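As a plain string of letters, each chain reads:
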Amino acid sequence: MTTIDARGLSCPEPVILISQAMKSGEAAYEIKVDNRVSKENVTRYAEHQGYKVSVTEADGEFTLAIRK
Amino acid sequence: MNKSREKLWIILAGAVIGVIASALVLLGNPKNMGFCIACFIRDTAGGLKLHSAGVVQYIRPEIIGIILGSFLLSLTRKEFSPRGGSSPMTRLVLGFFVMIGCLMFLGCPFRMILRLAGGDLNALLGLVGFAAGIVCGIFYLKRGYSLKRTYRLPASEGAAMPAVAVVLLILLLAFPSLLAFSESGPGSMRAALWISLLAGLIVGGLAQYTRLCMVGGIRDAILFREFKLLFGFIAIFASALIMNLVFTAVKPDAAYFSLGFEGQPVAHMDGVWNALGMLLTGFACVLLGGCPLRQLVLAGEGNSDSALTVVGLLLGAAFAHNFGLASSAAGPTDAGKIAVIIGIVVVILIGECNIARNKKKG
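Just so you know, the protein sequences line up as chains A and B, in that order. When we follow the numbering used here, the leftmost residue of the first sequence carries the number 1, and every step to the right adds one. When we follow the numbering used here, the leftmost residue of the second sequence carries the number 1001, and every step to the right adds one.
Since the hints were made in silico from the structure, they are not lab data. Incorrect hints may appear among the rest.
[As the list claims (entries may be wrong)] Here are the simulated EDC-like pairs of lysine to aspartate or glutamate, each with C-alpha atoms no more than 16 Å apart in a straight line: (1) 1003(B) with 61(A); (2) 1148(B) with 5(A); (3) 1078(B) with 59(A); (4) 1007(B) with 40(A); (5) 1078(B) with 61(A); (6) 52(A) with 30(A).
[Unchecked claim] Rough simulated footprint, nothing fancy, chain A against chain B, three-plus residues with beta-carbon under 8 Å: (7) 1099-1111; (8) 1148-1156; (9) 1241-1249.
Please read all numbers here as calculations on a predicted model, not as lab measurements. Glycine is no exception: its CB is placed at the ideal position from the N, C-alpha and C atoms.
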């Protein structure tokens, strides 16, 4: 599973990172972001690509588990 | 928020913003300039005597309202987030050249839409340049361009720009004799202070809620086939167009909609430089992560990088008028053309210097 630390990065960078990672065609990814805009944008992109996304939040940071 | 609700909200927000923008013209703002973030920051620079162009001096309450509208809504939504440290000086320079591009074209991306909605076909050339600039920016994003991470900062840092907005409002209300006010030209054309402030507050709140961004619309559509932000862009155009047509039907002499290239309000007809000005703006805005409106909204949310970008916009406006770089209805100036070319070169250099060598995988 590829893990991406996108904390502190502003959109569209987290979405670009996950889109580039998805080119490898893995079944699962984990990405960490620290703002709601990135969480929403990554979720929207991953769902559009046919993945399911579950989000856990702790101390203002979001961990998105992305699976086929 | 689910996807269809998100789309509905941004279309509604865009429609409301288009109506407000057209209504502000009816109430006194210059034509096709209900809102223009670049023009209004330029007017504000003049109001603060940072430049001496007598026709564009007025601290625009719309700018104060947008910052405070975003600040207040982000507080209530628990999205006020003081952060910064992502290449601040680079962002200031990018903000400076965004303004140089805007003042070549005579309008920010927001006003570009409003000019199109007023029938100004010169703005079509601006739109072509803007889209080309966004494509240039995307070229760097795809190669790993990044201004690096932001970090959490104290609340006082995040509140600095909203505090500046409050100080500007106090100056405007209580100490107008300290400020400059245009007596002719676009700076003298203004809706009542409280109406402008209220309009800014509503637009700032709506833009904070929907993440509306003029650059993001075209950028995301090309990069990810994601059209949410583009719907907001189109909704502003459609509603402002309808309002302009209605106002023109009611008051035909006022011509709020006039289709053509010639005689357009606060515009020139040099197509090449209209396009190149907006190319610079679109390119630099992609490297910044958002249009001037989005920078104001993020500054209101506590982002001090965006606050510095706004300072860059202000500096750009002051330089543009002190050094004769800004266009006028007569057309662009030679100094302005040189400044736009320098701007495009600087933005390319910033792009090249900030391409990440290692992918951020861990």
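Unmet hints by their number, sorted upward, for this structure: Result: hints 1, 7, 9 break, sorted rising.
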